[in-house]
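A.B. asks: Heads up: the sequence lines are chains S and F, in that order. End of the first sequence sits at 355 in this note's numbering; the numbers just go up one at a time, nothing left out. End of the second sequence sits at 1641 in this note's numbering; the numbers just go up one at a time, nothing left out.
For the record, the hints were derived by calculation from the structure and aren't laboratory data. The structure presented is a predicted model; accordingly, all values stated were derived computationally and were not measured.
Straight-line Cα separation of at most 20 Å, DMTMM-like style, residue types lysine to aspartate or glutamate; simulated pairs: (1) K77/S to D1549/F; (2) K227/S to D94/S; (3) K200/S to E136/S; (4) K77/S to D1534/F.
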Amino acid sequence: MQTPAPVGYAKATSVSDALALLKKHGEDSRIVAGGHSLIPMMRLRIAAPEALIDINDVAELKGISIEGNEIVIGAMVRHAEVLSSPILAEHYAIFREAEKLIADPIVRNRGTIGGSMCQADPSEDLSAVGAALKGSVVIQSASGSRTVALRDFHEGPYMTKVAQTEILTQVRFPIRPGAGSAYEKVERRVGDWPVASAGTYVVVSNGVVADCGIGLTAVGAEHFCAPEAEAFLIGKEPTEENLSAAAQLAADACNPFSDQRGPADYKKHLAHELTLRALRRSAAASQGA
Amino acid sequence: MQITLTVNGTEYTRDVEPRMLLVHFIRDELLLRGTHWGCDTSNCGTCTLWVDGEPVKSCTMLAVMADGRAIRTVEGLANGAELDPIQQGFIECHGLQCGFCTPGMMMTGRWLLDNNPNPSEGEIRECISGQICRCTGYKNIVSAIQWAAEHPATSEVTS
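Given these sequences and hints, build the entire structure.
C.D. replies: This is the structure we're talking about:
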């Protein structure tokens, strides 16, 4: 039987209340949202916070909306809501494709987008989606809020720009008219972490790639993205040859390691193949195929 | 810390340590042992119960996080002596052998049918993809859920 170490607990009623509770309980307090990463880590005694600040009832962290040119997702939005959101489905197929492959329907009822971002697992699917779409996060502290690009958000495995006295409140994505997007994942069994995943968006205009984004996870891509591959594609026709060359640049920039999910060279192969498949489908969708 | 919640329509107030997992609260404090406790890692799904109408793996939720919420467990499926169709389906289709995964399978199956009364086989299989069975295999479980879909209850059972 795995039981967490003794821990304090407080339920926050608002973001400002959560920030006050974080301050009150000190540096070993942690925000808990869905808890589907933190609670298992506490049971294994990998994490031993002194107090949990529960933000499940904070209404201002919920909901998916459009503000100007951006889609705004509250930090407490659960995977199940990301999966079924008509707003996200309208603009980016990548969300639904990625979410269908994250854990299982019951886990998706609890896990949140804010929690996934803050957990910052090096194999997190939503980190690849966020990096591909060049999204950003809003981080709030008692003195105000700041916006951080997702490609600048991670400081390493399980480490982000969110400081102890801060809370991630929103994840934001720019809307790109005409963009096609897709997500490709290889997993050992249903609901598992990826062996490798790639997500992309492509905007094809006048027969050439006008804009694109490539995100990868579980393969040691720095900041979960592949900027050299993106730069290569801009201005080029989305031919099989060009897409494959871009995918190869993306794979070359990855630095996976061998583990129980597979050897490094296999993961590198997957990085190329999955990026290519995602680019193919993104480009086709952008051209209305 | 004192918490108050309803389980299958009955209100309970208990004093618990914040570190207590919901599955242990339900089994060891309320002595409702129908909810099983399996893998401890939110993989096997046998501890699945409903919190405010949605299935949750109760080994990965603290009891204090359920304060003020409405829980439904496998004991809350039957309406008195009348079994829920999902329970009858497991009987009709031999949906269990050892029975260990059954409470989670039935709570997830009931939720599926409440939201999608006529699911395809693929939808059923996807919905129970977070539940692990180690003896009958999944075919009879899928059949049991299909049986329940084909034999809806005549009277609504509420939690």
